[in-house]
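S.K.: Sequence:
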Amino acid sequence: MKIALVRLSSLGDIVLCMASLQVIRQALPDCRITWVTDQRFAGLLDCQPDVEQVIALDLKGIKKRPSWSGLVAQFQALRSVGPFDRVIDLHGMIKSAVVGSLLGGRQDGFARSCRKESLAGLWYREAYSIPYDLPATVRYTLLVCRALGIACSPAEAAAYPQRPYMHWQKCDEAVLEPYLSDQAKNVLIVPGTSAPNKNYPPEQFAAVANLLKLNLLVCHGNDAEYAAALTIAGHAPHVRVLPRLRLGELKALAGRMDLVIGGDSGPTHLALASGVPSITLFGATPVCFTPGLRNRVIKTATVPNLLKPDPHDLSVAEIPAGQIADLAAELLAGS
158 MKIALVRLSS LGDIVLCMAS LQVIRQALPD CRITWVTDQR FAGLLDCQPD
208 VEQVIALDLK GIKKRPSWSG LVAQFQALRS VGPFDRVIDL HGMIKSAVVG
258 SLLGGRQDGF ARSCRKESLA GLWYREAYSI PYDLPATVRY TLLVCRALGI
308 ACSPAEAAAY PQRPYMHWQK CDEAVLEPYL SDQAKNVLIV PGTSAPNKNY
358 PPEQFAAVAN LLKLNLLVCH GNDAEYAAAL TIAGHAPHVR VLPRLRLGEL
408 KALAGRMDLV IGGDSGPTHL ALASGVPSIT LFGATPVCFT PGLRNRVIKT
458 ATVPNLLKPD PHDLSVAEIP AGQIADLAAE LLAGS
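In this note's numbering, each number is its position in the sequence shown, counted from 1, plus 157.
Simulated from the structure, these hints should not be mistaken for lab results. Glycine included, each C-beta is placed from N, C-alpha and C at the ideal position. Be aware that one or more of the hints could be misleading.
[To be verified] Taking lysine-lysine pairs in the BS3-like style, the calculated list, with each CA pair at most 27 Å apart, reads:
1. LYS342 with LYS456
2. LYS370 with LYS456
3. LYS221 with LYS252
4. LYS252 with LYS273
5. LYS220 with LYS456
6. LYS252 with LYS220
7. LYS217 with LYS273
8. LYS342 with LYS370
9. LYS221 with LYS159
10. LYS273 with LYS465
11. LYS159 with LYS327
[Stated by the list, open to error] Listed next, with one range per pair, are the computed distances between beta-carbon atoms:
12. ARG222 with ALA381: 38 to 48 Å
13. PRO206 with CYS328: 37 to 47 Å
14. VAL238 with GLY306: 42 to 52 Å
15. ALA341 with ARG236: 51 to 61 Å
16. LEU387 with ALA184: 42 to 52 Å
17. PRO288 with LYS220: 39 to 49 Å
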């Protein structure tokens with residue numbers, strides 16, 4: 158059976174969608190899986206044994222620099238790999254639905270009430286209603302199961318991932334070696350997310366770091382995150398700011414840590430995917446995975462808007478630094 162999964166972005170959502178690969182492979186061991194994504198995030202699927210083929214598109218580049226030849230090349234890349242027995246749109250947007258339709262074959266996706274853009278359904282053969290109050294990992298897994306006819310309850314979907322599913326090349330670890338310690342626990346702080354209302358204040362991250370006093374590293378992916386990283390290091394002298402990493406190096410970094418602490422962001426979710434203990438901080442946004450003994454969540458009392466979180470809700474800042482440090486000590490003691 159040939160299956161195509163379409164999830165174009167973003168880093169965190171692709172990581173959460175990838176948990177569904179284990180369900181597919183377990184139920185359909187002989188299937189062939191193709192993943193279609195934006196080329197910026199294609200590296201997430203490098204070394205992924207459950208995916209036979211990755212189609213990396215440069216839709217954002219074409220949007221910035223319109224090119225008819227570039228558009229035709231993207232079209233040809235999609236048409237050349239099909240047709241498929243099932244195409245599953247995990248993104249729920251018009252652009253992802255159009256991309257999926259070009260692959261050839263039946264395309265399914267989320268029902269109107271639980272997808273990002275209602276018109277995406279024009280390209281679906283079947284649309285499935287998955288309760289939006291379920292964690293994202295559960296919703297993605299249930300959609301895949303419904304589309305492929307795999308029996309799976311929400312409780313069973315919540316049990317995934319059952320094993321680490323993020324992989325990287327050995328060469329990706331080289332830049333990290335000067336920063337890792339074999340004398341103290343290695344803890345990564347992820348200072349930024351995709352939206353300001355999800356960011357935990359850097360001064361409070363520094364307070365967490367000062368309470369832990371371990372080998373603390375801070376990563377960053379843009380200028381705003383770099384500024385936040387410098388603020389943390391400025392208030393906690395034993396914290397070291399990492400150089401900006403490529404995607405493969407970021408995967409290796411998360412996988413080598415003893416603990417990852419951060420907001421609702423892709424680098425934090427990499428810990429879940431790598432089987433590494435983590436603490437994820439939620440305020441304005443809903444919890445997007447099922448917490449376990451190793452991957453823990455601290456959520457404020459805020460009841461988020463599931464479809465459109467309030468951009469002015471900065472309640473994540475209300476989480477006490479001491480609560481994070483206490484949970485970190487508990488997780489590190491058990492690792």
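S.K.: Are any of the numbered hints broken by this structure? If so, which, sorted upward?
M.R.: Numbers 5, 9, 11, 12, 13, 14, 17 - these are the hints that the structure violates, sorted from lowest upward.
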